[in-house]
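Asks: Note that the protein sequences, when read in sequence, are chains A and B.
Number 285 in this note's numbering belongs to position 285 of the first sequence; there are no gaps in the numbering.
Number 275 in this note's numbering belongs to position 275 of the second sequence; there are no gaps in the numbering.
Please note: incorrect hints may appear among the correct ones.
[What the hints assert, rightly or not] Derived list of chain B stretches under chain A, where covered just means 3 residues or more per stretch with a C-beta under 8 Å from a C-beta of chain A:
no. : region
1   : 137-147
2   : 271-277
[Claimed, not checked] With a cut-off of at most 25 Å between alpha-carbon atoms, the simulated PhoX-like pairs for lysine-lysine come out as follows:
no. : chain 1 : residue 1 : chain 2 : residue 2
3   : A       : Lys44     : B       : Lys38
4   : B       : Lys44     : B       : Lys169
5   : A       : Lys44     : A       : Lys169
6   : B       : Lys169    : A       : Lys38
7   : A       : Lys44     : A       : Lys170
8   : B       : Lys170    : B       : Lys140
9   : B       : Lys259    : A       : Lys38
[Claimed, not checked] A few chain A residues that don't get close to chain B, going by computed Cβ distances all over 12 Å:
no. : residue
10  : Met37
11  : Phe48
12  : His83
13  : Ile84
14  : Tyr142
15  : Glu148
16  : Thr168
17  : Gly185
18  : Arg200
19  : Glu205
20  : Asp232
21  : Thr243
22  : Gly249
23  : Pro265
It is worth saying that the hints were derived from the structure and are not from the lab.
The C-beta atom is built at its ideal place from N, Cα and C for all residues, glycine as well.
There are 2 protein chains.
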Amino acid sequence: MVSDHRRSVELIVNEPPNFLERIDGELWLVEDERENMKISYRIKEVVFAESSDFQHVMILDSHDFGRMLVLDGVVQTTSLDGHIYNEMITHVPLSIHPNPQRVLVVGGGDCGAARESTRYHGVDAIDMVEIDELVVKVCKEYLPAVSENLDDPRVNFVYDDGIEFMKTKKNYYDVIIVDSSDPVGPATRLFEYEFHRDIRAALKEDGLVVCQSQSPLFHRAVMRQTVDQLRDLFPIVRPYLATVPTYPGGFWSFALGSKRYQALPAHPFDKPTKYLNDTILRACFALPEFLRPDSEVGAAR
Amino acid sequence: MVSDHRRSVELIVNEPPNFLERIDGELWLVEDERENMKISYRIKEVVFAESSDFQHVMILDSHDFGRMLVLDGVVQTTSLDGHIYNEMITHVPLSIHPNPQRVLVVGGGDCGAARESTRYHGVDAIDMVEIDELVVKVCKEYLPAVSENLDDPRVNFVYDDGIEFMKTKKNYYDVIIVDSSDPVGPATRLFEYEFHRDIRAALKEDGLVVCQSQSPLFHRAVMRQTVDQLRDLFPIVRPYLATVPTYPGGFWSFALGSKRYQALPAHPFDKPTKYLNDTILRACFALPEFLRPDSEVGAAR
């Protein structure tokens with residue numbers, strides 16, 4: 001049943017830990033985060049690789065997705081599809097709020113959410129609180145398709161822990177965007193009730209928050225927990241979906257919590273985007289049958 | 001830069017060609033169809049593996065997706081998400097046609113599209129033309145989550161070439177569903193103009209067709225060609241999208257060509273489904289900005 005054939009597989013030593021392999025002479029990133037499914041990307045070039053105080057940071061140039069930000073060996077965003085995620089996490093809340101002025105982005109080191117926020121002329125301050133300065137630095141320098149080398153005087157970069165930062169603000173922001181990484185390690189606390197409660201306090205009396213809430217297929221318990229916690233804290237909660245090709249299964253969810261506003265504007269969406277438009281803005285709230293509140297969903301797999 | 005560490009990688013000899021590997025003692029299916037991206041699935045058990053006259057056919061039990069149909073080493077459908085694809089390719093045309101009676105499924109060996117068609121009481125004949133009898137046999141036997149062991153007297157199984165079969169029918173069907181595999185090898189002809197022209201002739205004067213038209217991200221030229229050909233042949237053409245997690249990038253497209261009908265029914269969708277519902281049925285036609293007719297899309301990558 002088992003042949004003697006052995007392919008040439010060698011790990012690339014960059015710095016420990018190793019995330020790249022050379023297979024039959026070709027360089028591959030093998031994403032190892034999931035126990036039962038691996039996605040491998042053929043890589044043209046290692047543009048940047050270094051460990052920060054927090055994680056291993058790489059910019060890789062891939063054949064199918066162009067340049068990618070890779071943290072601890074896991075693809076975070078790519079030149080090909082990073083705009084989908086960033087447009088969806090930013091323009092939905094900023095379209096529903098009728099007059100956003102102060103915006104906070106928690107995480108979002110690729111600068112995409114902050115960049116999309118700059119499209120709103122009424123927004124006069126965007127605080128971006130990212131724990132890892134190196135991520136911001138390399139995305140601004142090496143990932144222009146996502147960051148557009150973000151350099152807007154309204155953006156205030158704060159390199160700090162989002163959890164601690166949130167405790168310092170009260171009744172201050174119109175919109176808060178929680179663009180966290182997966183709920184492992186330190187990012188776990190960005191999915192907890194206490195953090196969502198501090199977000200509510202940091203928002204103005206008509207403010208709203210959006211949280212990325214993971215895959216509705218593979219992390220249904222996380223999505224449910226996020227939605228449930230927001231429901232406990234906000235009178236209006238609306239989950240929505242997008243297809244983000246580089247995330248496992250392609251399916252991704254976001255949860256919007258709002259103190260007052262929920263309607264989309266009557267005027268059509270008019271920002272320069274590649275994915276989101278007026279029809280998507282309205283269609284993204286359509287939830288498949290297995291995610292409807294009265295279905296068996298919510299139940300963790 | 002390259003370490004001496006070599007992992008234990010062995011290919012499983014089942015029959016040539018080999019599609020399974022044992023890596024560090026675990027069994028994996030490594031999808032090798034794409035040049036620059038590979039998806040690997042951890043496998044519990046090889047339920048069935050045999051070569052037919054047309055292709056290598058496997059049913060594998062995987063950890064994350066349950067049982068999967070694998071043809072020539074490429075995942076076609078899984079217990080976890082097969083219903084998404086099958087519901088989307090079937091219920092959209094059968095909802096838009098006000099009174100479908102005769103349905104033809106071309107391909108669709110997993111039996112899912114035929115099975116969904118049986119949900120319509122008005123449908124009295126479903127011809128299912130699949131070239132490979134072995135695929136139908138193993139899906140009925142080993143993949144009940146997708147096939148529901150399809151056994152409905154209205155379903156007429158025809159094991160034949162869909163191209164030749166289509167030439168024999170004129171002005172006959174209300175709805176034709178082209179559930180083809182990827183446009184490689186013999187399936188290529190299912191994406192050609194001549195086949196679409198024969199479909200038009202096989203449809204009644206108010207009939208409609210739906211074709212799976214591949215990934216809008218990775219096969220944009222195929223999607224564009226399908227839509228363009230249908231536009232040449234049908235007065236009404238409407239592309240629509242779904243998220244199918246086991247297809248590359250998760251994004252999948254369908255193209256609907258209709259001689260007369262295009263409106264969705266006023267009455268709400270009422271079939272027993274796990275993905276599609278009334279809101280999805282209306283939202284699936286929302287195309288992202290990069291796929292709008294006046295965008296740069298369509299242009300092959």
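Asks: Now tell me, hint by hint, if it's right for this structure.
Replies: Hint-by-hint comparison with the structure:
| no. | hint | verdict |
| --- | --- | --- |
| 1 | 137-147 | violated (count 0) |
| 2 | 271-277 | holds (count 5) |
| 3 | A:Lys44 - B:Lys38 | holds, 15 Å |
| 4 | B:Lys44 - B:Lys169 | violated, 44 Å |
| 5 | A:Lys44 - A:Lys169 | violated, 44 Å |
| 6 | B:Lys169 - A:Lys38 | violated, 45 Å |
| 7 | A:Lys44 - A:Lys170 | violated, 47 Å |
| 8 | B:Lys170 - B:Lys140 | violated, 30 Å |
| 9 | B:Lys259 - A:Lys38 | violated, 44 Å |
| 10 | Met37 | violated, 5 Å |
| 11 | Phe48 | holds, 15 Å |
| 12 | His83 | violated, 9 Å |
| 13 | Ile84 | violated, 8 Å |
| 14 | Tyr142 | holds, 20 Å |
| 15 | Glu148 | holds, 17 Å |
| 16 | Thr168 | holds, 38 Å |
| 17 | Gly185 | holds, 22 Å |
| 18 | Arg200 | holds, 28 Å |
| 19 | Glu205 | holds, 31 Å |
| 20 | Asp232 | holds, 25 Å |
| 21 | Thr243 | violated, 5 Å |
| 22 | Gly249 | violated, 3 Å |
| 23 | Pro265 | holds, 17 Å |
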